[in-house]
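Q: Read off the chains here:
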Amino acid sequence: MLYYRPFQVDKIMKPDNASYERYQRQTILKEFGEAGQQKLLHSKVLVIGAGGLGCPALQYLAAAGIGNIGIVDDDIVSITDLHRQVLYSTFDIGFSKAEKAKHSLARLNPGIDIIAYKERLTTFNTLPIISAYDIVIDGTDNFASRYMINDACVLLNKPLVYGAVSQFEGQVAIFNYQNKKGDTPVNYRDLFPEPPREGEVLNCAEAGVLGVLPGIIGTMQANETIKLITGMGKALINSILTYNALNNRVYELSLSARKETLLFTPATAFAFQQMDYDWLCSSNNRKFEINGEAFNHLLNTGNADIIDVRETGELPLPTGFNYTQIPLSEFKEKITSVKSETVIVFCQSGKRSLQAAQWLFDEFGESKKIFSLQGGIFNWLKNNSMQQP
Amino acid sequence: MKVNIILFGQLTDIAGTDNFTLENVADTDGLVAKLHKSYPPLINSKYVIAVDKNIISTNTLLTNNCTVALLPPFSGG
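Residue numbers (this note's numbering), protein chains in the order written: chain Y, 1 to 389; chain U, 1 to 77.
Hints in this document: simulated from the structure, not taken from any laboratory. Honestly, I wouldn't trust all of these hints.
Computed list of lysine-lysine pairs in DSBU-like fashion (alpha-carbon distance at most 35 Å, straight line) [unchecked claim]: (1) Y:Lys-334 - Y:Lys-369; (2) U:Lys-46 - Y:Lys-332; (3) U:Lys-46 - Y:Lys-227; (4) Y:Lys-158 - U:Lys-53; (5) Y:Lys-227 - U:Lys-53; (6) Y:Lys-180 - U:Lys-53; (7) U:Lys-53 - Y:Lys-30; (8) Y:Lys-259 - Y:Lys-332.
Label pairs and their computed distance ranges (CB to CB) [as the list claims (entries may be wrong)]: (9) U:Lys-53 - Y:Thr-312: 55 to 61 Å; (10) Y:Ala-271 - U:Cys-66: 39 to 45 Å; (11) Y:Ser-254 - U:Tyr-39: 35 to 41 Å; (12) Y:Lys-234 - U:Ala-26: 32 to 38 Å.
With the C-beta cut set under 10 Å, the calculated list includes, among others, these residues of chain Y facing chain U [said to hold, decoys possible]: (13) Ala-164; (14) Val-209; (15) Gly-218; (16) Asn-247.
These figures come from a predicted structure and were not determined experimentally. All C-beta atoms in this analysis are idealised placements derived from N, C-alpha and C, irrespective of residue type, glycine included.
The task is simple: from the sequences and hints, build the whole structure.
A: Here it is, written out as structure tokens:
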């Protein structure tokens, strides 16, 4: 009889230890075998974004025995995440996603190494973090991050397992996989060379998403990753698969590398660091952003309307100043209720408030001073904790 | 000549359907012009075109009963 020894699991699988029993149901597959398990245990996978896609991907990769897992996410758990981000519980609201995900995965499989990066990827930290891994999984929720991660993987020759969702549909692909023949690998910019302009594509908060859909797509990303590592089956290399959750239709498109793509990807680490991905992806919304200090100054002047655009129930609730709540989902219809000449919008991380600021600008133009709190209220509360009662 | 059109993502909201057929279109440029006329919001939408499951980047001749897919970028996660 074998018993689990939770914190002493040997990395090298032997038939007589607990890890062998843990993985037995997959090692008995002849295509997978003990050799496949050894490959997983010696692999290093970085999951960027521990959200709707990242959670299921992480869960299956950790369960399958990927030996080294990195989790990058600077966000905290919100109540609106819980319908799809299945690694978190209601008690995790307000805490770091990367840390809570690590905690949850360490309980699932104590025999693997997990590193939580509680930081936002920038052009300065992306290359060093990605360098330490064999495969990158993109589970982010915005074009700026997606283009930055793609370009970093091109620069570092790292395979990128891409997944994205919108409403009821999802996309999965493997980019930047160097085959043995030495063909130029396909990357995301071979499909969409440049990020969409403002208004060309709905963002997630605007479009909504069925909770189970990123579950399916994130799980497919985990599956493609396991296939890449073990060499089993036919991975989605040089093709993109779309899945429709409403009618179960699957459609696969072939991709090929294009010479023009080289015009868009930075050729050196220095050129990469000089890229401004946020600007590329949101042509003119940065003009609204103010930092915590400027926000405090406007608070003291006292004549600004401050609006929380998070959905009802999202925490933490700031104290120490007056504000109204207009959730982003209702913002457009209630926009005329904004009366003051100076308006400051905030949300959790500063992304949704940028959208609200843009809408305010579209409605009122230069007749109002419109500001969005950079980094969101969570960041502000952290830096101003002394002022809280 | 009949061409099958498949739409994805928010493009289905614009057209009100995810698949339909068009007659008398010779190439992808002609097809796009026709679609823009029928569904003006497509003009301001971003998508790639695939003919019989291969992504194309230049004007491409269409054949009878071929399938043209319009795929927009998704960013959600």
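Q: Compare the structure with each hint and give your call.
A: Results for each hint:
A C-alpha spacing of about 18 Å is found between Lys-334 (chain Y) and Lys-369 (chain Y), which places the hinted pair at or below 35 Å, so the restraint holds. Straight-line distance between C-alpha atoms of Lys-46 (chain U) and Lys-332 (chain Y) comes to about 23 Å, which keeps the hinted pair within the 35 Å bound. The hinted pair formed by Lys-46 (chain U) and Lys-227 (chain Y) meets the criterion: a straight-line CA distance of about 31 Å does not exceed 35 Å. Of the supplied pair hints, the one linking Lys-158 (chain Y) and Lys-53 (chain U) holds, its CA atoms being roughly 26 Å apart against a limit of 35 Å.
Straight-line distance between C-alpha atoms of Lys-227 (chain Y) and Lys-53 (chain U) comes to about 23 Å, which keeps the hinted pair within the 35 Å bound. A C-alpha spacing of about 25 Å is found between Lys-180 (chain Y) and Lys-53 (chain U), which places the hinted pair at or below 35 Å, so the restraint holds. This hinted pair checks out: Lys-53 (chain U) and Lys-30 (chain Y) have alpha carbons roughly 33 Å apart, not beyond 35 Å. For the hint pairing Lys-259 (chain Y) with Lys-332 (chain Y), the CA-to-CA distance comes to about 42 Å; that exceeds 35 Å, so the pair is violated.
At about 44 Å, the CB distance of Lys-53 (chain U) to Thr-312 (chain Y) disagrees with the hint of 55 to 61 Å. At about 40 Å, the CB distance of Ala-271 (chain Y) to Cys-66 (chain U) agrees with the hint of 39 to 45 Å. For Ser-254 (chain Y) paired with Tyr-39 (chain U), a C-beta distance near 26 Å fails the hint of 35 to 41 Å. Against the hinted window of 32 to 38 Å, the Cβ-Cβ separation of Lys-234 (chain Y) and Ala-26 (chain U) comes to about 35 Å, which satisfies the hint.
Interface restraint check for Ala-164 (chain Y): the shortest CB-CB distance to chain U comes to about 4 Å, inside 10 Å, so the restraint holds. A hinted interface residue such as Val-209 (chain Y) counts as satisfied when its beta carbon comes closer than 10 Å to some beta carbon of chain U; here the least separation is about 5 Å, so the hint holds. For the restraint placing Gly-218 (chain Y) at the interface with chain U, the shortest Cβ-Cβ distance is roughly 8 Å, inside the 10 Å limit, so the hint holds. Taking 10 Å as the C-beta cut-off, the interface hint given for Asn-247 (chain Y) holds, the closest approach to chain U being about 8 Å.
The structure is inconsistent with the numbered hints 8, 9 and 11, although it conforms to all the rest.
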